[in-house]
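Could you build the full structure based on these sequences and the hints that come with them?
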Amino acid sequence: MILYDYVLSPDCYKVRLLAALTGAKITLRAVDFHPGAEHRKPEFLKINPAGTIPVMEEDGLVLTDSSAILTYVAAKAGPEWLGDDDARMRARVAQWLAFAQRLSASIGKARTHDMLQKPADIDACRAGGIQCLREIEAALVEQDILGARFLAGDRPTLADIACFPHSMLAPDGGISVDAYPAIRLWTRRIRALPGFVEMPGIHRLHDLKPEPAKA
Amino acid sequence: MTSEAIRNEWYPVALASQLGPEGRDTRLLGEPIRVDWAAQGRPRVRAADGREMATRLRYGHIWACPGTPSRELFDIPEADQPGRRLVDVGVVRVKCSPLRAVENFLDIAHFPFVHTDILGAEPHTEVGKYDVAIREEVDEVWATKVHFYQPQAAKSAAGGITTEYMYRVPAPTVSILYKTCPPRPGEWDVITLFVQPLEENLCEVWPWMALFDDETPMTDLIHFQQTIFLQDRSILENQLPRLLPLDPGMEIPTRADLTSVAYRRWLKRRGYTYGAQLVAA
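Those sequence lines, one after another, are chains A and B.
Take the first sequence: its position 121, counted from the start at 1, is 121 in the numbering used here, and no numbers get skipped.
Take the second sequence: its position 214, counted from the start at 1, is 214 in the numbering used here, and no numbers get skipped.
Simulated from the structure, these hints should not be mistaken for laboratory data.
Treat the numbers as computed from the prediction; the structure is a model and nothing was measured.
Honestly, I wouldn't trust all of these hints.
[To be verified] Here are the computed distance ranges between Cβ atoms for each label pair:
#, chain 1, residue 1, chain 2, residue 2, range
1, A, E142, B, I252, 44 to 50 angstroms
2, B, M218, A, R155, 53 to 59 angstroms
3, A, I2, B, D25, 34 to 40 angstroms
4, B, P248, A, P79, 22 to 28 angstroms
5, B, T254, A, V141, 41 to 47 angstroms
6, A, P42, B, P185, 39 to 45 angstroms
7, B, G160, A, R188, 49 to 55 angstroms
[Claimed, not checked] Here are the simulated EDC-like pairs of lysine to aspartate or glutamate, each with C-alpha atoms no more than 20 angstroms apart in a straight line:
#, chain 1, residue 1, chain 2, residue 2
8, A, K118, B, E22
9, A, K118, B, D117
10, A, K118, B, D88
Backbone N, C-alpha and C define an ideal beta-carbon position, used for all residues, glycine too.
Here it is as C-alpha cells:
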C-alpha cells in the first residue's frame, strides 16, 4: 500500500495513525503540498484528477477519499476497526465517516488558511468548525450516558480515527477547544491507544511515559 | 510609525521561487506592502504610498528594508559553498511575536518535550554548559559549544548521537543554526529561521536550509523541517506574555536560557522593541 502523504495533513495523518494502530504496512510517498503545490501538477493529477491528498495505491486500486482509504486499511489489517458489531454500530461509523467531511471543510480549511495562507471564508469556516465540535461534544456526552467511551460504541473504530485529528487541531485554525471537556477526555483515550503515533500539533501523552527517575 | 532602529533592519518578505507574476500583497511592521517582479527579474517591494524600498534577493528569499539600511544584509558564506542543497521550506503563519519565534528557535531545552524522539528524548533532558557572546565587531549574538543528545539528528543518523550546535542572530528577526553534519565531518549544516513581522503579535516564518545531503529527496527534507516547525507553532501561539519581555521580572531564566538572555539584552540595547515589552523599573 502506497500512501501519497503530506506530514501536516490531518487526512493523511488519519491513515498513518490507523496503519500504526493496526500494524498495516504502508509505504509513504511524500507529496510537496506546500510550498511546491505538487498536488496541482499534471503528474499528480494523472493519479488523482481531483488534486487532493491523501491517495492510496495498491495493485491497480487507486483510492482518493480518506474514508475509503481508512475502510480499506481496516478491512485488510484490522477488521474490528470497521465497527461491524451490529447494525447500529455499523451505521454510526458510516455517519461519522461522512461527518468527517464537514470537519475537513470547516476546521481543515480554517487551519490551512491560518497556517499556510490558503484562501478561505475564515469566519464561515470557524463558525462551521465550532458547530461540528459542539455536535461531537454532545454525541460523546450521550455515548457516555449509554456507557460507551467512543463515538460508535465502547471501543474505538474508524469513526474515532476520522474525527479525532481535526478535533485536536482546531486551535491551529483559531478555534478554541477549551469549551469541550468530553472531547478532551476522548482525545486522551485515543492518544493512550497502544501504537499511537503523533503529528505536529497532536502531541503524545508524556504523562504515560515512565518518570525519568524510574526509567 | 515605528522607530528607525526597527525600520532600518532587513526583513524577509517573499520566497523567490514561489513569487509568481501576480505578486504578493502582504504586511510588514503593521503596514501593507506589495512584493512583485520589476523588469529583468529584479524584485520590487513597495509601501502603500508607492514608495520603493531597498531590496535584496538572497538565500532564496526577497528581503526588504522599510527605512534606510543601517548595514548590508548579513552574510551566510556557506550559502555559496558548492555541493550544498538549498531547501525552500515555505512560509508558515504564526500568531505570536516575531521575537518569540526567534527566541524559541534559540532554545534547546524544549527538544525532548516538543520534538520528542527527533531532536531530543527523555530522560536526556539536560542542557550542558555552553558559551554565549554578543560579538561586538559584527554586532551579532552567538552561542557556541552547544551539545545535545538527539535520537534522530539527521535522516542518515542511525541511533542517537550527540550533536553539536552553534546559534547566530545576525538581525533581530533572523536566527541561523549551525549543526553537526553527519555525512561531512568538519562542515556545518545551516538551518535558518527568517521571520517577517506582520504585526507585533503576528508573523510569517520562512525556514530555509543549506545542507550537505545527497541522499534524501527534497520533499522529505522540506517535510522534516515543516514537522519540526509545526510542532513549535502550537507552543508559540500559547506563550504568555504575548510580547517578549526585554526586562527581567516577567520571566525567570535558567542557565539553559543564556542565549535568550543575550538575545533580549542585544534587542534592548539597540532599541528593537517591535514585538517586545518593556517593564517599568
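Hints, one by one, checked against the model:
no.	hint	result
1	A:E142 to B:I252: 44 to 50 angstroms	46 angstroms, holds
2	B:M218 to A:R155: 53 to 59 angstroms	42 angstroms, violated
3	A:I2 to B:D25: 34 to 40 angstroms	39 angstroms, holds
4	B:P248 to A:P79: 22 to 28 angstroms	60 angstroms, violated
5	B:T254 to A:V141: 41 to 47 angstroms	42 angstroms, holds
6	A:P42 to B:P185: 39 to 45 angstroms	42 angstroms, holds
7	B:G160 to A:R188: 49 to 55 angstroms	29 angstroms, violated
8	A:K118 to B:E22	16 angstroms, holds
9	A:K118 to B:D117	30 angstroms, violated
10	A:K118 to B:D88	18 angstroms, holds
Consistency with the previously given hints fails for numbers 2, 4, 7, 9, ordered from lowest to highest.
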